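**Q** Residue strings, one per chain:
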Amino acid sequence: GAGVSQSPSNKVTEKGKDVELRCDPISGHTALYWYRQRLGQGLEFLIYFQGNSAPDKSGLPSDRFSAERTGESVSTLTIQRTQQEDSAVYLCASSPWPTSTGELFFGEGSRLTVL
Amino acid sequence: AQSVAQPEDQVNVAEGNPLTVKCTYSVSGNPYLFWYVQYPNRGLQFLLKYITGDNLVKGSYGFEAEFNKSQTSFHLKKPSALVSDSALYFCAVRGTSGGYNKLIFGAGTRLAVHP
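These protein sequence lines are chains A and B, in that order.
For what it's worth, my numbering labels the leading residue of the first sequence as 17, then goes sequentially.
For what it's worth, my numbering labels the leading residue of the second sequence as 50, then goes sequentially.
Chain A extracted, bound-state conformation (with noise of 0.2 Å):
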């Protein structure tokens, strides 16, 4: 597509309850960055993916998060058990790979509330 796709653009789900957020990065973009924006704040960066592998994920906040690739396109980002602090806006980014200084391409994000 012509840019960073994510859905759903915004999801309100109950305490405990599980969700998936998507992201379609840019075609032939291999690097995926998944951020997370809480409202006020800075983004807070979550995982990378180059290809269908996470070498870095660093930034997953616990063992709720996980974050899967396939087919180096699109990326599925699971909370399992959400709570009120997993509120946010989850950003998705893409950009080609080898980098050389490049910028990133966001998504519009994917607003969860959870109750």
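Keep in mind the hints are simulated off the structure, nothing from the lab.
One should not assume that every hint holds.
Label pairs and their in silico Cβ distance ranges [to be verified]:
hint: 1; chain 1: B; residue 1: Ser52; chain 2: A; residue 2: Ser23; range: 30 to 36 Å
hint: 2; chain 1: B; residue 1: Asn104; chain 2: A; residue 2: Gly32; range: 51 to 57 Å
hint: 3; chain 1: A; residue 1: Asp34; chain 2: B; residue 2: Thr69; range: 40 to 46 Å
hint: 4; chain 1: A; residue 1: Lys73; chain 2: B; residue 2: Ser77; range: 18 to 24 Å
Computed from a predicted structure; not experimentally measured.
Positions of the beta carbon are idealized from the N, C-alpha and C atoms, including for glycine.
Go by the hints and put chain B onto chain A.
**A** Just chain B now, with coordinates in the frame of chain A:
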């Protein structure tokens, strides 16, 4: 560890006046620095970057940024602000030399341009 500080939560400026949004950084080695803008309910958009070379970097929408190594700063500037520039601005530094663009973001500065 790499980090970025944006000391102002909000900057207010009158339309037509020059604007500055401040950013300081802490990195080991040569910094790769970025500015992004976020409009309401949208993802982040790349504005400009500094990698090497001229300390004054020009970017999108008439923005520019000045890299100052001695002050470890990378302030965003525009000679004449527009109301449409009102948005959330993020400074970021590349957080790894591993060849991928893991960006470490500041907390963001909200720019409000008044008519």
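**Q** Each of the hints needs a verdict: does it hold here or not?
**A** Each hint, compared with the structure:
1. Between Ser52/B and Ser23/A, the C-beta spacing of about 32 Å keeps the proposed range 30 to 36 Å intact.
2. At roughly 52 Å, the beta carbons of Asn104/B and Gly32/A sit within the given window of 51 to 57 Å.
3. Between Asp34/A and Thr69/B the Cβ separation comes to about 45 Å, which falls inside the hinted range of 40 to 46 Å.
4. For the pair Lys73/A and Ser77/B, the beta carbons lie near 22 Å from each other, so the given range of 18 to 24 Å is met.
Every hint, counting from the list given before, is met by this structure.
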